[in-house]
Amino acid sequence: MKLALLAGCAAAVMSLATVGSALAADITGAGSTFIYPVFSKWADAYKAKTGNGLNYQSIGSGAGIKQVEAKTVTFGATDKPLSDDELTKNGLVQFPMIQGGIVPIFNIDGVKPGGLVLDAPTLAGIYQGKIKKWDDAAIKALNPSVTLPSAPIVVVHRADGSGTTFNFTNYLGQGSQDWSDNIGADTTVEWPTGVGAKGSDGVANTVKQTKGAIGYVEYAYAAQNSLAYADMKNAAGKVVEPSLDSFAAAASNADWKNAKNFNLVITNQPGDASWPIAASTWVLIHAQPSDAAAAGEALKFFDWAYKNGKDDAKALDYVAIPDSVVTLIEASWANITSGGKPVFAAQ
Amino acid sequence: MAVTTSTYAAQDSAGSAKARSVVLQDRIFFYMTVASAVLVVLVLVGVMVSLVIGAWPALSHSGLSFLWTERWSKKAQIFGALAPIYGTIVTSIIAMIIGIPVSFGIAIFLTELCPQALRRPIGVAVELLAGIPSIIYGLWGFFYLAPWLAQHFQPVFGVLANVPVVGALFVDSGSGLNLFTASLILAIMVLPFITSITRDVFQTVPTLLRESAYGMGMTTWEVVRSIVIPYSRVGLVGGVMLGLGRALGETMAVTFVIGNSHNISASLFDPATTISATIANEFAEADPGLFTASLLELGLVLSIITFIVLALAKWLLVRGEIK
Numbered sequence: 001m002k003l004a005l006l007a008g009c010a011a012a013v014m015s016l017a018t019v020g021s022a023l024a025a026d027i028t029g030a031g032s033t034f035i036y037p038v039f040s041k042w043a044d045a046y047k048a049k050t051g052n053g054l055n056y057q058s059i060g061s062g063a064g065i066k067q068v069e070a071k072t073v074t075f076g077a078t079d080k081p082l083s084d085d086e087l088t089k090n091g092l093v094q095f096p097m098i099q100g101g102i103v104p105i106f107n108i109d110g111v112k113p114g115g116l117v118l119d120a121p122t123l124a125g126i127y128q129g130k131i132k133k134w135d136d137a138a139i140k141a142l143n144p145s146v147t148l149p150s151a152p153i154v155v156v157h158r159a160d161g162s163g164t165t166f167n168f169t170n171y172l173g174q175g176s177q178d179w180s181d182n183i184g185a186d187t188t189v190e191w192p193t194g195v196g197a198k199g200s201d202g203v204a205n206t207v208k209q210t211k212g213a214i215g216y217v218e219y220a221y222a223a224q225n226s227l228a229y230a231d232m233k234n235a236a237g238k239v240v241e242p243s244l245d246s247f248a249a250a251a252s253n254a255d256w257k258n259a260k261n262f263n264l265v266i267t268n269q270p271g272d273a274s275w276p277i278a279a280s281t282w283v284l285i286h287a288q289p290s291d292a293a294a295a296g297e298a299l300k301f302f303d304w305a306y307k308n309g310k311d312d313a314k315a316l317d318y319v320a321i322p323d324s325v326v327t328l329i330e331a332s333w334a335n336i337t338s339g340g341k342p343v344f345a346a347q
Numbered sequence: 001m002a003v004t005t006s007t008y009a010a011q012d013s014a015g016s017a018k019a020r021s022v023v024l025q026d027r028i029f030f031y032m033t034v035a036s037a038v039l040v041v042l043v044l045v046g047v048m049v050s051l052v053i054g055a056w057p058a059l060s061h062s063g064l065s066f067l068w069t070e071r072w073s074k075k076a077q078i079f080g081a082l083a084p085i086y087g088t089i090v091t092s093i094i095a096m097i098i099g100i101p102v103s104f105g106i107a108i109f110l111t112e113l114c115p116q117a118l119r120r121p122i123g124v125a126v127e128l129l130a131g132i133p134s135i136i137y138g139l140w141g142f143f144y145l146a147p148w149l150a151q152h153f154q155p156v157f158g159v160l161a162n163v164p165v166v167g168a169l170f171v172d173s174g175s176g177l178n179l180f181t182a183s184l185i186l187a188i189m190v191l192p193f194i195t196s197i198t199r200d201v202f203q204t205v206p207t208l209l210r211e212s213a214y215g216m217g218m219t220t221w222e223v224v225r226s227i228v229i230p231y232s233r234v235g236l237v238g239g240v241m242l243g244l245g246r247a248l249g250e251t252m253a254v255t256f257v258i259g260n261s262h263n264i265s266a267s268l269f270d271p272a273t274t275i276s277a278t279i280a281n282e283f284a285e286a287d288p289g290l291f292t293a294s295l296l297e298l299g300l301v302l303s304i305i306t307f308i309v310l311a312l313a314k315w316l317l318v319r320g321e322i323k
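Just so you know, the protein sequences line up as chains A and B, in that order. Numbered per the working numbering, the first sequence spans residues 1 to 347. Numbered per the working numbering, the second sequence spans residues 1 to 323.
To be clear, the hints were calculated from the coordinates, so they are not data collected in a lab. Just to be clear, a hint being listed does not mean it is correct.
What the hints assert, rightly or not - Calculated cross-link-like contacts (lysine-lysine; reagent style DSSO-like; alpha-carbon spacing at most 30 Å): (1) A/K211 / A/K260; (2) B/K75 / A/K133; (3) A/K300 / A/K71; (4) A/K41 / A/K238; (5) A/K233 / B/K75; (6) A/K307 / A/K112; (7) A/K89 / A/K260; (8) A/K71 / A/K307; (9) A/K238 / A/K130; (10) B/K314 / A/K132; (11) A/K112 / A/K130; (12) A/K112 / A/K233; (13) B/K75 / A/K130; (14) A/K140 / A/K130; (15) A/K89 / B/K75; (16) B/K75 / A/K71; (17) A/K133 / A/K112; (18) A/K47 / A/K307; (19) B/K18 / A/K260; (20) A/K66 / B/K314; (21) A/K66 / A/K310; (22) A/K211 / A/K257.
What the hints assert, rightly or not - Far from chain B, some chain A residues (derived; all Cβ distances over 12 Å): (23) V93; (24) V154; (25) T206; (26) G212; (27) L244; (28) I329; (29) N335.
The beta-carbon is built from N, C-alpha and C at its ideal position, and this holds for glycine as well.
Using the sequences and the accompanying hints, generate a full structural model.
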């Protein structure tokens, strides 16, 4: 306890120190851990090119929202979009920055990675504790050729608040009315059953070491740690594998044009090739920034990242925002003003 | 003559100056110690006051029913502390049931039976155990102890699940992250605290008493039971309470292995949660308002539980001294 407190204090002091000593040219941001690997890779390339650095603290979406509201950072990043009311109340605007996928991972004796197919109602049944064994009729119906053991299912979920949980529970709600009515979609929910583990690595390791376990992590995490993930039956009724292509399909089929404030969760999107549990990370920034120069620098960095960061994102198993959506986003930047003038001037 | 007088006068004034500086020195020292003492009280009062202020929205919203509500739902905006309170108390009690006999065993071995050559190495090993940071216990518990228990220990006890009444205690959840694993980790963590205090108080038993008892033909067990333990009872209570205090507030190690579930279950092998684990997990992403206030109220409840334990310890000590 004491040690944790000390470590916490030390971390707080250190982060304060880095914020304090940051040069005026450094762009400051905080929030989502989901986007952190991409931001840090982009930041390296951007610094090499322009000399401007990015100081991004991956402290979680909720904490990022608090920091940008308090104006301690220029922008925040969140995996759960803010509602219109929340945006208006704090004078913020939001736009998607990156997309990726969330995959169910499992540990069943005798079933190979990718050898299991699930869909939204079944996954919701498992996470509600209604489907208790791997040889349940609902799972068997989706996997006629797989021999499933009569072993109990150990449900693993995140114990800490997380944007991954928000997107995952949002998806479960689309498979089960009961889930969306009683449990809902949020960064932390009232789990009816299961074991809570801290962080994606906690979930991954708990699943790895527990026979009969099922969990969910970001695809990038599953791919880099070669975890056994399941295929999903999507909204079009087709079985899809998690891959950059199926995430990109979900992203391109999403109707961003008609989403006010880019408030669109891209789970269960139409299209034969769409991965159903796709997720986005949004950037939050003040519509009337008190430091117009800093906001301008941040937008310049985002503009650069949209246009030049696609390969870096791909290398990390993330999906860049499609060009058509980038055009919509950059058009929306006209609303970010200082003294009546837009902060960002397209080059 | 005049010279001597003036010398005396000079000596006198030098003496009184010295006396004055001594008085001043003492006064400064006095105020410094007072300031230190006041600081402690201020910090304590400050923490409690800020906890109450922070928890006020939750306190005024649900009042005392906070203590016996099991639901913890952000969606329904119902926050109840029953599951964390239950987990905190049960894990600590089980840790004590496992930890106290083992600690006493080590202490008795070290003071009564251990060959002189082994005393120091074992004593040092116990103290080193106290120096291991809790996160290390957490990682070890998560990666090694929990999977091992899940594979080799729980299935053995899981057989008892079919026994009526007590069977409910042993229903296997299939995962090693549960109430029992957390209790076991806590038992290991409190071991060095209880052991080192117990050993020290056992050593305060006068050799005269001990030797006379042995001289009268008492066995080691009889000496420990009738002489050593009654003589050092007060210190033992202190040691146990110190261990209990540590077990109640332990955060990191417990968060790793308890399974973090707000559903209360009869089984020892089901996931649970504690007050400090809930705060550690949920504080970063908690929305301002009732959620954050409820977490602060949990902190307040933990402080009060710890305060009750300490008060109980003091009371037992005072009662012990009067007897």
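Evaluation of the provided hints:
1. A/K211 / A/K260: violated, 44 Å
2. B/K75 / A/K133: Given pair B/K75, A/K133 holds - Cα atoms ~28 Å apart, limit 30 Å.
3. A/K300 / A/K71: Within the cut-off at roughly 19 Å; holds.
4. A/K41 / A/K238: Measuring from Cα to Cα gives roughly 34 Å; hence the hint is violated.
5. A/K233 / B/K75: holds, 28 Å
6. A/K307 / A/K112: Outside the cut-off at roughly 39 Å; violated.
7. A/K89 / A/K260: Distance ~16 Å between A/K89 and A/K260 Cα, so the pair holds.
8. A/K71 / A/K307: holds, 27 Å
9. A/K238 / A/K130: holds, 24 Å
10. B/K314 / A/K132: Given that 30 Å is the threshold and the Cα spacing comes to 49 Å, the pair is violated.
11. A/K112 / A/K130: holds, 24 Å
12. A/K112 / A/K233: holds, 18 Å
13. B/K75 / A/K130: holds, 21 Å
14. A/K140 / A/K130: At roughly 15 Å apart (the allowed maximum being 30 Å), A/K130 and A/K140 satisfy the hint.
15. A/K89 / B/K75: holds, 21 Å
16. B/K75 / A/K71: holds, 28 Å
17. A/K133 / A/K112: holds, 18 Å
18. A/K47 / A/K307: Judged against 30 Å, a Cα distance of about 16 Å means the pair holds.
19. B/K18 / A/K260: violated, 82 Å
20. A/K66 / B/K314: Measuring from Cα to Cα gives roughly 43 Å; hence the hint is violated.
21. A/K66 / A/K310: holds, 29 Å
22. A/K211 / A/K257: Violated. A/K211 to A/K257 sits at ~45 Å, over the 30 Å cutoff.
23. V93: Given a closest Cβ separation of 20 Å, the condition holds.
24. V154: Incorrect as stated: the minimum Cβ-Cβ distance to chain B is 4 Å, not above 12 Å.
25. T206: Incorrect as stated: the minimum Cβ-Cβ distance to chain B is 6 Å, not above 12 Å.
26. G212: violated, 6 Å
27. L244: holds, 28 Å
28. I329: A/I329 is indeed farther than 12 Å from all Cβ atoms of chain B, at 26 Å.
29. N335: holds, 26 Å
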